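Residue numbers (UniProt numbering), protein chains in the order written: chain B, 1 to 176; chain L, 1 to 383.
Wrong hints could be hidden among the right ones.
What the hints assert, rightly or not - Beyond 10 Å from chain B on every Cβ pair, some chain L residues (computed):
{"hint": "1", "residue": "VAL18"}
{"hint": "2", "residue": "ALA77"}
{"hint": "3", "residue": "GLY96"}
{"hint": "4", "residue": "GLU252"}
{"hint": "5", "residue": "ASN282"}
{"hint": "6", "residue": "GLU313"}
{"hint": "7", "residue": "LYS355"}
{"hint": "8", "residue": "CYS364"}
{"hint": "9", "residue": "ASN373"}
To be verified - The calculated lysine to aspartate or glutamate pairs, modelled on DMTMM-like cross-linking and capped at a C-alpha distance of 25 Å, are:
{"hint": "10", "chain 1": "B", "residue 1": "LYS63", "chain 2": "L", "residue 2": "GLU313"}
{"hint": "11", "chain 1": "L", "residue 1": "LYS355", "chain 2": "B", "residue 2": "GLU137"}
{"hint": "12", "chain 1": "B", "residue 1": "LYS26", "chain 2": "L", "residue 2": "ASP300"}
{"hint": "13", "chain 1": "L", "residue 1": "LYS378", "chain 2": "B", "residue 2": "GLU79"}
{"hint": "14", "chain 1": "L", "residue 1": "LYS378", "chain 2": "B", "residue 2": "ASP65"}
{"hint": "15", "chain 1": "L", "residue 1": "LYS327", "chain 2": "B", "residue 2": "GLU79"}
{"hint": "16", "chain 1": "B", "residue 1": "LYS63", "chain 2": "L", "residue 2": "GLU71"}
{"hint": "17", "chain 1": "L", "residue 1": "LYS78", "chain 2": "L", "residue 2": "GLU16"}
{"hint": "18", "chain 1": "B", "residue 1": "LYS109", "chain 2": "B", "residue 2": "GLU137"}
{"hint": "19", "chain 1": "L", "residue 1": "LYS378", "chain 2": "B", "residue 2": "GLU137"}
{"hint": "20", "chain 1": "B", "residue 1": "LYS67", "chain 2": "L", "residue 2": "GLU333"}
{"hint": "21", "chain 1": "B", "residue 1": "LYS67", "chain 2": "L", "residue 2": "GLU325"}
In short, the hints are calculated from the structure, not lab data. This one's a predicted model, so the numbers in the text were calculated from it and none came from an experiment. Note that the Cβ used here is the ideal one computed from N, Cα and C, for glycine as well.
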Amino acid sequence: MADFAWPWQYNFPPFFTIQPNLETRKKQLEAWCALVLDYHRQNKSYSVDVTEIQSAPLFCNKKLDRKLSIEGIYMVLEELRKQGHIEWKDPKTKKQGLLMWRTPEEWGKLIYSWVSSKSMQNSVCTLYELSEGEDSEGTEFHGLEKWLLLRALQTLQDQGKAEVINFDGNEGVKFF
Amino acid sequence: MDRLEWSDTNLVPGEEQVNLQPGIAVYDGQDKTCFENGVLTLTTHRVIWKDNRDRTRVLTLQHSLVVYIEEQPSGFAKSAKIAVHVSAPGPNKKPGPVTQSRYDYIRFSFREAGEGQFFRDYNEQLQQKKWEHVIPQRKPGASRHRAGIMGIERTIQQTHANTDKNISQAFQDLTKLMEKAKEMVAISKSIATKIKDKQGDVTDDETIKFKSYLLSMGIPNPVTRDTHGSGDKYYTELARQLSNVLEKPLKECGGIMTLTDVYCRVNRARGMELLSPEDLLNACEMFELLRLPVRLKTFDSGVMVLQLQSHDEDQVIHLTTQLVEDKGSITAEDLSKEVGVSVILAKERLLLTEKVGGVCRDECVEGLRFYPNLFLTKVTCIT
Chain B
1 MADFAWPWQY NFPPFFTIQP NLETRKKQLE AWCALVLDYH RQNKSYSVDV TEIQSAPLFC
61 NKKLDRKLSI EGIYMVLEEL RKQGHIEWKD PKTKKQGLLM WRTPEEWGKL IYSWVSSKSM
121 QNSVCTLYEL SEGEDSEGTE FHGLEKWLLL RALQTLQDQG KAEVINFDGN EGVKFF
Chain L
1 MDRLEWSDTN LVPGEEQVNL QPGIAVYDGQ DKTCFENGVL TLTTHRVIWK DNRDRTRVLT
61 LQHSLVVYIE EQPSGFAKSA KIAVHVSAPG PNKKPGPVTQ SRYDYIRFSF REAGEGQFFR
121 DYNEQLQQKK WEHVIPQRKP GASRHRAGIM GIERTIQQTH ANTDKNISQA FQDLTKLMEK
181 AKEMVAISKS IATKIKDKQG DVTDDETIKF KSYLLSMGIP NPVTRDTHGS GDKYYTELAR
241 QLSNVLEKPL KECGGIMTLT DVYCRVNRAR GMELLSPEDL LNACEMFELL RLPVRLKTFD
301 SGVMVLQLQS HDEDQVIHLT TQLVEDKGSI TAEDLSKEVG VSVILAKERL LLTEKVGGVC
361 RDECVEGLRF YPNLFLTKVT CIT
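All chains, please: the whole structure from these sequences, using the hints.
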């Protein structure tokens with residue numbers, strides 16, 4: 001994490017106190033959301049565990065001796081959920097969440113443009129090929145978790161740009 | 001029999017036990033009684049009969065009531081007895097088992113012998129009259145050992161009595177002080193009227209001097225319920241006076257003062273005619289209606305202050321923002337030192353500034369600090 005570029009807010013003590021002033025709080029939450037997404041993008045992490053994340057460097061600045069309270073964390077995560085970046089696996093307890101620092105639509109677009117550039121329309125490829133295959137190395141969706149990949153493809157299917165097919169337990173996709 | 005009293009077996013101070021004989025029945029003159037089997041104790045002050053079965057049935061006969069005693073020897077199927085001839089009961093006799101008796105003597109029947117020694121001891125005690133040597137009561141406050149709950153209760157009662165006395169004494173002093181103070185106020189009033197009327201040979205210089213003395217003493221003619229009645233008129237007049245008196249101090253301390261401070265200052269100045277918090281508050285609420293230069297303001301936190309109407313909040317916010325920017329970060333204490341206002345007011349200033357977005361807060365274990373609101377001012381470089 002040494003190379004992670006922390007935003008200036010991270011070293012600004014008030015960042016770790018939820019601001020009572022609504023206007024200020026809005027800006028603060030915006031900054032937090034951006035930071036959370038950036039942080040996870042850097043780590044290529046697609047899930048949030050609230051218990052774990054509390055003490056992670058993300059919410060806990062050891063240098064300043066400040067950490068965001070659990071209420072604050074939930075406020076940030078709730079904000080992210082509203083933006084469609086988080087889905088709770090357990091909506092009642094809200095301990096585990098799926099984090100999408102790109103929404104499925106965005107991923108879908110990304111994948112489709114890559115497919116187009118490779119002129120792979122009208123061909124079928126497996127999901128494994130897409131996310132783990134040699135061809136996709138160097139692309140952003142390389143290493144994308146399967147559930148998210150499926151979601152992304154689902155959006156493409158809804159737009160009529162692809163079709164997810166299932167043959168003998170192997171899942172594949174055909175792009176149009 | 002009617003001379004007997006209900007009692008307990010506790011000995012009074014100075015009382016000593018002399019003889020003790022079990023198996024005693026009590027006779028009212030010639031008649032048997034229900035007090036058939038008990039322990040008879042002879043002390044220096046009295047005889048105590050205690051029931052063998054029911055330990056709470058305790059009778060006592062004071063030696064002071066005894067005229068003389070005689071021995072009645074035992075006979076066939078008859079135990080030896082001691083007949084105690086008694087005088088009429090005194091007025092402060094405690095309740096006993098019977099209120100009236102035909103006989104002027106009581107007999108103790110010794111069913112387990114021992115009457116000889118008891119009779120001799122009894123006579124000896126009657127002659128010695130030790131019950132008359134009352135041990136002087138120790139002064140209250142000196143510690144005394146008393147056994148049992150009774151003792152504790154008595155001690156508590158005594159403490160109560162002492163406290164009561166102390167309180168009434170203290171209030172007596174206070175009343176005296178009030179009387180003196182009233183005189184003082186009367187004097188100051190008379191001086192005030194004299195100055196007003198320019199009576200006597202008081203020069204202008206002296207008048208000014210006197211006036212300044214009076215001012216330092218307080219408000220010369222406080223508005224009171226006596227002078228201005230009750231209700232609205234009282235409050236309006238009070239509001240006017242408050243506004244007059246407070247305008248200068250308010251200016252001196254930066255245009256704003258907490259209501260508690262105001263309360264203290266006003267009452268100090270009024271001397272005898274103290275204001276109740278309600279009256280002060282009611283009067284302060286009139287300021288706006290009367291268009292006086294002083295206004296009552298309640299902060300979001302509930303803190304109430306008086307401020308001059310000319311007091312400019314925008315300027316305060318601007319100054320506070322500026323100060324926080326210069327200092328980097330600031331606590332309410334820092335600000336109070338910096339601008340010379342109370343900590344409460346300093347905090348209110350910061351909260352006010354926060355409300356308009358001038359500063360932002362950092363809450364941590366060390367307390368509440370305020371920082372320049374970089375969230376709003378600094379351009380976000382995160383994408």
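Each hint tested on the structure:
At the 10 Å boundary, the C-beta of VAL18 (chain L) stays outside the reach of chain B, the nearest C-beta of that chain being 81 Å off. Residue placement check: ALA77 (chain L) keeps its beta carbon more than 10 Å from all beta carbons of chain B (closest about 95 Å). The claim that GLY96 (chain L) is not at the interface with chain B holds, since no C-beta of that chain comes within 10 Å of its own (minimum 77 Å). Every Cβ of chain B is farther than 10 Å from the Cβ of GLU252 (chain L); the closest lies at roughly 32 Å, confirming the non-interface assignment.
Against the 10 Å criterion, ASN282 (chain L) stays outside the reach of chain B, whose nearest CB is about 32 Å from its own CB. GLU313 (chain L), annotated as away from the interface, keeps every beta carbon of chain B farther than 10 Å; the closest lies near 16 Å. Not every CB of chain B is more than 10 Å from the CB of LYS355 (chain L) (nearest about 6 Å), against its label as outside the interface. Interface exclusion of CYS364 (chain L) from chain B breaks down, the closest Cβ pair being 6 Å apart, not more than 10 Å.
Residue placement check: ASN373 (chain L) does not keep its beta carbon more than 10 Å from all beta carbons of chain B (closest about 6 Å). Between the alpha carbons of LYS63 (chain B) and GLU313 (chain L) the distance comes to roughly 37 Å, so the proposed pair goes past 25 Å and is violated. The hinted pair formed by LYS355 (chain L) and GLU137 (chain B) fails the criterion: a straight-line CA distance of about 51 Å is larger than 25 Å. A distance of roughly 21 Å separates the Cα atoms of LYS26 (chain B) and ASP300 (chain L); the hinted pair therefore holds under the 25 Å criterion.
For the hint pairing LYS378 (chain L) with GLU79 (chain B), the CA-to-CA distance comes to about 22 Å; that is within 25 Å, so the pair holds. Of the pairs offered as hints, the one joining LYS378 (chain L) and ASP65 (chain B) holds, with about 23 Å between alpha carbons and a cut-off of 25 Å not exceeded. A threshold of 25 Å between alpha carbons decides the hint, and for LYS327 (chain L) with GLU79 (chain B) the separation of about 33 Å lies outside it, so the pair is violated. Straight-line distance between C-alpha atoms of LYS63 (chain B) and GLU71 (chain L) comes to about 103 Å, which puts the hinted pair past the 25 Å bound.
Straight-line distance between C-alpha atoms of LYS78 (chain L) and GLU16 (chain L) comes to about 31 Å, which puts the hinted pair past the 25 Å bound. With a CA separation close to 17 Å, the supplied pair LYS109 (chain B) and GLU137 (chain B) stays within the 25 Å bound. The suggested pairing of LYS378 (chain L) with GLU137 (chain B) is violated, with an alpha-carbon distance near 38 Å, which exceeds 25 Å. As the CA atoms of LYS67 (chain B) and GLU333 (chain L) are separated by approximately 24 Å, the hinted pair is consistent with the 25 Å bound.
Proximity of LYS67 (chain B) to GLU325 (chain L) is assessed by CA-CA distance (about 24 Å); at most 25 Å being required, the pair is judged to hold.
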